[in-house]
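Protein chains: 2
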Amino acid sequence: MPTFMDVHSGFVGVTLDQLTEAHHRDRAAQAAEGVEFGTAWVDPATGRAFCLSTGPSKEAVLRVHEHAGHPTTEIYEITLEVA
Amino acid sequence: MPTFMDVHSGFVGVTLDQLTEAHHRDRAAQAAEGVEFGTAWVDPATGRAFCLSTGPSKEAVLRVHEHAGHPTTEIYEITLEVA
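First to last, the sequence lines map onto chains V and C. Residue numbers for the first sequence, in this note's numbering: -13 to 69. Residue numbers for the second sequence, in this note's numbering: -13 to 69.
To be clear, the hints were calculated from the coordinates, so they are not data collected in a lab. Hints are supplied without guarantee of correctness; some may be wrong.
Any copy, or any two copies together, can satisfy a pair, since identical chains are not distinguished.
To be verified - Here are the computed lysine to any residue pairs in the SDA-like style, where the Cα-Cα straight-line distance is at most 20 Å:
id	residue 1	residue 2
1	K44	L2
2	K44	P30
3	K44	V(-2)
4	K44	Q4
5	K44	G55
6	K44	A31
7	K44	T32
8	K44	E7
9	K44	D3
10	K44	T6
11	K44	A54
Given the structure is predicted, the values throughout are model-derived calculations rather than measurements.
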């Protein structure tokens, strides 16, 4: 199953409660698309958010985010990873 | 110690060997700045790379990347994370 990193803008000033709620909305919608969201990292000062997921396609990830109310077109398929 | 996510462009077509070598250059340079690099994720189709680190400041992370030969000005301080 491919891995994706998506990048969101617009999370300026978001709180942990708000982020947790947004992440729960993704997780509530993900099963219908065969997507599984992992960790999300946010810089509230710039509003930039990064979110890892696995799923069948970028389009599936996008549909989950749309359903959850925070769509983004910046979705990258991660084929290389080093730790 | 703050956490940072940095975003690079220009890794189009990078191989795992090249990415590993680039990551090793970061790790070789990080101690002098008190930085520790974690996972790096790359989409070779678009050349976009994402890299987690901890360190004293964005400037310290930037200096390590400059020393390693792949500077970026897109460095975000991550203050919220959900899994």
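Is it within, between, both, or neither for K44 and A54, if the alpha carbons may be no more than 20 Å apart?
within (15 Å within a copy, 32 Å between copies)
At 20 Å max between alpha carbons, let me know whether K44 reaches L2 within a copy, between copies, both or neither.
neither (26 Å within a copy, 22 Å between copies)
Measure nothing new, just compare the shortest in-copy and cross-copy C-alpha distances for K44 and G55 to 20 Å and report within, between, both or neither.
Within one copy, since 16 Å is at most 20 Å while 31 Å is not.
Cα distance capped at 20 Å. Does K44 pair with T6 within a copy, between copies, both, or neither?
neither (22 Å within a copy, 26 Å between copies)
When no copy is specified for K44 and T32, does a C-alpha distance of 20 Å or less occur within a copy, between copies, both, or neither?
So K44 and T32 pass the 20 Å test across copies only (14 Å; inside, 24 Å).
From the Cα coordinates, with 20 Å as the cut-off, is the pair K44 and V(-2) best called within, between, both, or neither?
between (25 Å within a copy, 19 Å between copies)
20 Å Cα threshold - placement of E7 relative to K44
neither (22 Å within a copy, 28 Å between copies)
With identical chains, the pair K44 and D3 could be close in the same copy or across copies; at 20 Å between alpha carbons, which is it: within, between, both, or neither?
Result: close neither inside a copy nor across copies, 27 Å intra and 26 Å inter.
Measure nothing new, just compare the shortest in-copy and cross-copy C-alpha distances for K44 and Q4 to 20 Å and report within, between, both or neither.
neither (24 Å within a copy, 25 Å between copies)
Under a CA distance limit of 20 Å, which applies to K44 and A31: within one copy, between copies, both, or neither?
between (27 Å within a copy, 13 Å between copies)
If the cut is 20 Å between Cα atoms, do K44 and P30 qualify within a copy, between copies, both or neither?
Classified as between; 15 Å across copies, 25 Å inside a copy.
Figure legend: structure checked against the earlier numbered hints; hints not met, in rising order: 1, 4, 8, 9, 10.
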